[in-house]
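Residue numbers (the numbering used here), protein chains in the order written: chain A, 1 to 339; chain B, 1 to 339; chain C, 1 to 339; chain D, 1 to 339.
Keeping only pairs whose Cα atoms sit at most 25 Å apart, straight-line, the calculated SDA-like set for lysine to any residue is:
1) K6(D) with R74(B)
2) K118(C) with V332(B)
3) K61(D) with I48(B)
4) K260(D) with Q12(B)
5) K336(C) with V332(B)
6) K6(B) with V62(D)
7) K6(C) with E79(A)
8) K70(B) with R133(A)
9) K51(A) with E18(A)
In silico contact screen, one side only, chain A against chain D (beta carbon under 7 Å); selected entries:
10) T241
11) D251
12) L279
13) K285
Quick look at which bits of chain D chain C covers, simulated, 3 or more residues with Cβ under 8 Å:
14) 41–49
15) 164–174
Everything labelled a hint here was simulated from the structure, so no lab data went into it. All C-beta atoms in this analysis are idealised placements derived from N, C-alpha and C, irrespective of residue type, glycine included.
Protein chains: 4
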Amino acid sequence: MIIVLKPRTTKQEITRVENMVKSRGLDTHIIEGSEMTIIGCIGDTTRIDMKLFEVDPAVTKVMHVQEPYKLASRAFHPEDSMVDVSGVKVGCGHLALIAGPCSVESVEQVMEIAQAAKASGANLLRGGAFKPRTSPYAFQGLGLEGLEILCEVKQETGLPIVTELMSAEYLDVFNEKVDLIQIGARNMQNFDLLKQLGQIERPVLLKRGLNATYEEWFMSAEYIMAAGNENVILCERGIRTFETYTRNTLDLQSIPVVRKLTHLPIVVDPSHAGGKWWLVEPMSKSAVAAGADGLMVEVHNNPECALCDGAQSLKPKKYDELIRQISGIAKVIGKKVDL
Amino acid sequence: MIIVLKPRTTKQEITRVENMVKSRGLDTHIIEGSEMTIIGCIGDTTRIDMKLFEVDPAVTKVMHVQEPYKLASRAFHPEDSMVDVSGVKVGCGHLALIAGPCSVESVEQVMEIAQAAKASGANLLRGGAFKPRTSPYAFQGLGLEGLEILCEVKQETGLPIVTELMSAEYLDVFNEKVDLIQIGARNMQNFDLLKQLGQIERPVLLKRGLNATYEEWFMSAEYIMAAGNENVILCERGIRTFETYTRNTLDLQSIPVVRKLTHLPIVVDPSHAGGKWWLVEPMSKSAVAAGADGLMVEVHNNPECALCDGAQSLKPKKYDELIRQISGIAKVIGKKVDL
Amino acid sequence: MIIVLKPRTTKQEITRVENMVKSRGLDTHIIEGSEMTIIGCIGDTTRIDMKLFEVDPAVTKVMHVQEPYKLASRAFHPEDSMVDVSGVKVGCGHLALIAGPCSVESVEQVMEIAQAAKASGANLLRGGAFKPRTSPYAFQGLGLEGLEILCEVKQETGLPIVTELMSAEYLDVFNEKVDLIQIGARNMQNFDLLKQLGQIERPVLLKRGLNATYEEWFMSAEYIMAAGNENVILCERGIRTFETYTRNTLDLQSIPVVRKLTHLPIVVDPSHAGGKWWLVEPMSKSAVAAGADGLMVEVHNNPECALCDGAQSLKPKKYDELIRQISGIAKVIGKKVDL
Amino acid sequence: MIIVLKPRTTKQEITRVENMVKSRGLDTHIIEGSEMTIIGCIGDTTRIDMKLFEVDPAVTKVMHVQEPYKLASRAFHPEDSMVDVSGVKVGCGHLALIAGPCSVESVEQVMEIAQAAKASGANLLRGGAFKPRTSPYAFQGLGLEGLEILCEVKQETGLPIVTELMSAEYLDVFNEKVDLIQIGARNMQNFDLLKQLGQIERPVLLKRGLNATYEEWFMSAEYIMAAGNENVILCERGIRTFETYTRNTLDLQSIPVVRKLTHLPIVVDPSHAGGKWWLVEPMSKSAVAAGADGLMVEVHNNPECALCDGAQSLKPKKYDELIRQISGIAKVIGKKVDL
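Bound-form chain A, shown alone (with noise of 0.2 Å):
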């Protein structure tokens, strides 16, 4: 941490900010410039508020060195982490290929679609039993009724699933039931369940917040492992920009800023970021050749009569196409696609 101070402060002043510095237990090292003096703070700073210090009139301004993750940095951990989602590994060189319904709608419907997206190479599925609508009045999804959907066709396909906790209060059966428990954007800073998730070991996907810095990002993933749950895959789904014709703006640059940073695993969501079907496809592509350890695409058999979000799912045989140009793109970047 670096401290600031003001220009022309006087050998007092100094002293009072070094004191305040080294009553919470860091050390405290001077450097006067031509125009201005900086104190540099040596200690661990991870659990020190150092807003605080701007309270301080000689303060200008206050500044971390350090990066306030640990569990989830590469710095402490240099090798990339892989995540073994009941049997499908994620990271390393794995692509996690999720596909399904953006809502559960009857088990005819998510069979339909998990044997066609199967049979294009998924090794995931996915789709929304308890849906976040911004709207009281719209589609809630089918709550415990669409988790059962998804468990029967899990065991007809053997696609582990994954799907998304919205409450505490079913962590216990998605514990149970659920392979890959999903965080959506809008909980990436639930920080009570984010604790929570941390006493099970299920993986989980955590996607990123609509308006999350990448450093936000990983303090929620630091959440999770701090609590004891290593298992945590990101998941960049857009973030809000100015731009409204794509519902979000897809950051793609996050995948090699996690992989720089972090030594988690990243997937990303092309089906929710813009919000139309057809940016799906160059979105998929471009996000693998970026370096992404996976991709969660939307797939609908009938999109014009979907309960929710139609306009961003590939119908099964686009899906299929898809596959196909990925598996080629993988190649070259040197990623396997086990079709």
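With the hints as your guide, set chains B, C and D onto chain A.
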């Protein structure tokens, strides 16, 4: 709802889209323009996923014309609403002056601050018992013990209390003891929690999410109201933009916008928006001049030692000066501050 | 400037980076922390491209500690600056009340508006002769003819004129005839134009770019000042955010920030920020309460027929009421409005 | 254009708004819904300031249904356009590989970089002669001398040159000597400059502004095209968002969006977007996989000593490796790279 078709659509295509609309119980009305055709859809569209129609290849875009919220909307409730917080009126000319420390640290601390703030004119006491922190390693609040401290100070000073609820787990105890339940920015779209708040009658202070549009904010209020609790106060606390010198960008245009589109009271929190104590005074005056129904300001007797967010807290003396000026501006604007 | 090195850097690497710094004429100062080493760089860093050091593989990041602007900075010029616009003082307690139509349309139009505005208390006349329009098909302004109209109205009313310069081509005629040369948001980083404005002495009203950070805005002022013209007034007119109900988000925190970091006067343009006439009144009061040195408000005698931006214009009667209230708030704040 | 009226408007009000519309040469069409009335406006609305109708108190909002650009629009020009840059084809399956230093520093520097880049497969040479810099104290480029250096290297290598024009003052010399005139992000809405570019025939590389929506970007292309120059290539270079770890957020969804809505070629500049050299390789592959018509990449023989933006430059060897991979991806996608 308006559906805009592609240039040069055929009769057949128009009929296909029309039928899709009618099958959802809406009437249609065709307008053929010089270059394109649009379909006006008549009926209640609040329960319809409008993006669905974008699936049809003849459709360019779908636009809604009606606001998706009803209970929060001024169109259906032309008079201003007033919310009664255990005897303190908020809205309709009555200014809520909420003050207190960011975090509850001890009875002595809260008591001293509350007494000073009350003497200056504050009519509600805030204090964080459960703290949402970006880092799992930061101070997370005293929890239920903190809530007990607030109750003790309330008993002594008579100030009703405002504190943040982070999880449905504590809803019952909050309903019993807290006068105004705050929902933080990060939980603005924790829909499960919102639905549960609709089951009780306690007033709710709903902070705007960091990336929430006005419409999304009002839809979150609608969640609470649709479930049965109409005692909602909105709270502007800054949005996330590209500017990082201030913690967030305080959007004071939200005050006249809330007043135009809804009938709910709106309170402003300048402390969290800017993250710097010297922004609090000008922004408080600014908010009241723009017509806010209240201010929520962090006050701390010893900001240098605060366990959280000391940098944005006013000392009691500064708060006292602020209230004097606020009261002058309120008079010009036609609002009453009872000092 | 602070250079943060990677964890576990070797002595050799540290020396390599140090030498790179020294070769640019700076002194270095090493701080070895528990987990990482940082290098403090001492000397004038304003002319150094700090990102350059990030090229070295041992470097994690480079942070500046010193503001990159000098002439605009309050640190080197502690007193407020006042700008004299042909006899009208702006800053140091003097409020600029700039009013007039968005576009100049005819002598009669401008004259009628100017006389009404002056009677209400306006002391500067605005009007667009050259109009920056997003569409090439939209009305582009009357150009030099519009400028002549403004001059004619100035002669009659005595109000100094404010109008936008879009191209260096007209710099001479603006320098001769315009009292306060406005640089629009879209040209805030038209560096060639800024340098040329530094060659003259006419005061410049520098609008903040839609996506400009405070620092970039101040650096654009620095361009003009470094080239020799210190008569710069800053103008906040809203920034672009994810919220699209309002045209832009008016950032009133910019007022105390400008005051803290620079010595320049700051004026607010609520008309362009919101794009809706009913936002102008509350935001004008809000801006003055926050300490603005002036307001630029669009006034039109017949907004329904305006050739541009009628939706955000006040009628003269509304403007008159606004000035009454502004003057009440100014009194509370300690500013003078001479009516 | 659609005008949405307030709930419960009277016949008289509807007629008033209708007349306002008709007086501007448009036909109207009324739709009476269950709760509100809307007016469809038929005719050419590109020259009409649509916000004007919001002035009427009976109007809630006005929405456009037609894109405001014509010449750039795919709707009126269904085939892809190809731009010929002095013999190098861009678009329609032909990939532009633009490489070179950020700033021109010397003949030797540019020559060495150009020869290496050409050997790797680059077909266009970039280099900044006039540099837009945030700080007036930073290196501003060699100006005309830099342009001469580029011409000399072009003569030797045969690579057509791409360089940025910052001011109309140099339009003639650029028109004579530069093969592809770059307009930087900060000048994307320098409308005077755009109009002048329409007077010549040289191809223009139009960078997206940091805060430009797709529509605004296309409108800027429309400015050039409407003035007579149809040789426009769009360039995505990142937009400004709340994330500051990367310089900007590269919006690769822009590639399919540009292709859907316009017929113009699109090139991606990953160097300026991220501001870090290690982002260039993954983002280049990503852009080509998404369907970009070209890449503009900064290459420097000695990034540690670059006068500008060294941190985002690739060394020639890295660039060579990149082009090998790009060429593999291009093959999968169906694009040709002539190496």
